[in-house]
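Colleague: Sequence:
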Amino acid sequence: MNEKVSGGPIKIGRISVAAEKAVGISLTSGVAIYMEEKVLNALAETHPSTYLKVIDEIAKITKNPDFVHYEERGDAFEFVRFYFKSGKFQMVSIHVKHLGRPKKWLYQGMTCVNLTKGDGGLLNGEYSRPR
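Quick note: the sequence shown uses the numbering used here, first residue 296, plus one each step.
A few of these clues could be false.
Within a straight-line C-alpha distance of at most 30 Å, the following computed DSSO-like cross-link-like pairs (lysine-lysine) qualify [unchecked claim]:
no. : residue 1 : residue 2
1   : 316       : 348
2   : 392       : 333
3   : 358       : 348
4   : 358       : 399
5   : 398       : 355
6   : 306       : 348
7   : 392       : 316
8   : 399       : 348
9   : 380       : 355
10  : 355       : 383
11  : 355       : 316
12  : 316       : 306
13  : 380       : 358
14  : 399       : 333
15  : 348       : 380
16  : 399       : 306
17  : 316       : 399
18  : 358       : 333
19  : 383       : 348
20  : 306       : 358
21  : 398       : 358
22  : 333       : 355
23  : 398       : 333
24  : 355       : 399
25  : 392       : 306
26  : 392       : 355
27  : 398       : 348
28  : 392       : 380
29  : 348       : 333
30  : 306       : 380
31  : 316       : 398
32  : 306       : 355
33  : 358       : 392
34  : 316       : 358
35  : 306       : 398
Pair ranges (Cβ atoms, derived) [to be verified]:
no. : residue 1 : residue 2 : range
36  : 407       : 326       : 16 to 26 Å
37  : 325       : 383       : 18 to 28 Å
38  : 312       : 397       : 20 to 30 Å
39  : 382       : 406       : 29 to 39 Å
40  : 385       : 337       : 18 to 28 Å
Hints in this document: simulated from the structure, not taken from any laboratory.
Predicted model only: the values in this text are computed from it and were never measured.
We treat Cβ as the ideally placed atom computed from N, Cα and C, and that holds for glycine.
Modelling step: build the complete structure from the supplied sequences, incorporating the hints.
Modeller: Below you can see the structure in the form of structure tokens.
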């Protein structure tokens, strides 16, 4: 793909009220999640035929995660969803941080982990289940 996206960050999703309630915070405004142009271009270069599906999946995970974590000190969210594909459990974690001027919730990355027996402790800590 030789096309480059330009024009600033694009909106890829939002932080749901259920996620806010799950972690005990109330965001009064600015709940949209954005992906910076350079991140979008890198994603399009590395996954030219599937990057739109990846962005759609990021939006689905942030909208309806299995678990959510908020780190007040870093002003960051982590949205987690579990999948069962091809006979294996997988965990996908989306990282979002409040950055910039004016501050915006910016996509920081995604972590995908294939889970094996005994990986049940991956979510030790302050993770909550949105309702």
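Colleague: Each of the hints needs a verdict: does it hold here or not?
Modeller: Each hint tested on the structure:
1. 316 - 348: 28 Å, holds
2. 392 - 333: 16 Å, holds
3. 358 - 348: 15 Å, holds
4. 358 - 399: Given pair residue 358, residue 399 holds - Cα atoms ~17 Å apart, limit 30 Å.
5. 398 - 355: 23 Å, holds
6. 306 - 348: 15 Å, holds
7. 392 - 316: This hinted pair holds, its Cα atoms lying about 18 Å apart.
8. 399 - 348: OK: residue 399 and residue 348 at ~23 Å, within 30 Å.
9. 380 - 355: 17 Å, holds
10. 355 - 383: Cα-Cα ~21 Å, so holds.
11. 355 - 316: Holds: residue 355 and residue 316 sit about 18 Å apart, inside 30 Å.
12. 316 - 306: Judged against 30 Å, a Cα distance of about 22 Å means the pair holds.
13. 380 - 358: 21 Å, holds
14. 399 - 333: 16 Å, holds
15. 348 - 380: 17 Å, holds
16. 399 - 306: 10 Å, holds
17. 316 - 399: Satisfied, since the Cα-Cα distance of roughly 20 Å is no more than 30 Å.
18. 358 - 333: 23 Å, holds
19. 383 - 348: 21 Å, holds
20. 306 - 358: 13 Å, holds
21. 398 - 358: Judged against 30 Å, a Cα distance of about 20 Å means the pair holds.
22. 333 - 355: 22 Å, holds
23. 398 - 333: Roughly 18 Å separates the two Cα atoms, so the pair holds.
24. 355 - 399: Since the Cα atoms of residue 355 and residue 399 sit roughly 19 Å apart, the hinted pair holds (cutoff 30 Å).
25. 392 - 306: 14 Å, holds
26. 392 - 355: 18 Å, holds
27. 398 - 348: Distance of about 27 Å is within 30 Å: holds.
28. 392 - 380: Distance of about 29 Å is within 30 Å: holds.
29. 348 - 333: 18 Å, holds
30. 306 - 380: 28 Å, holds
31. 316 - 398: 21 Å, holds
32. 306 - 355: 13 Å, holds
33. 358 - 392: 16 Å, holds
34. 316 - 358: Within the cut-off at roughly 13 Å; holds.
35. 306 - 398: Measuring from Cα to Cα gives roughly 14 Å; hence the hint holds.
36. 407 - 326: 16 to 26 Å: 25 Å, holds
37. 325 - 383: 18 to 28 Å: 37 Å, violated
38. 312 - 397: 20 to 30 Å: 22 Å, holds
39. 382 - 406: 29 to 39 Å: For residue 382 and residue 406 the Cβ distance comes to about 21 Å; the hint is violated.
40. 385 - 337: 18 to 28 Å: 22 Å, holds
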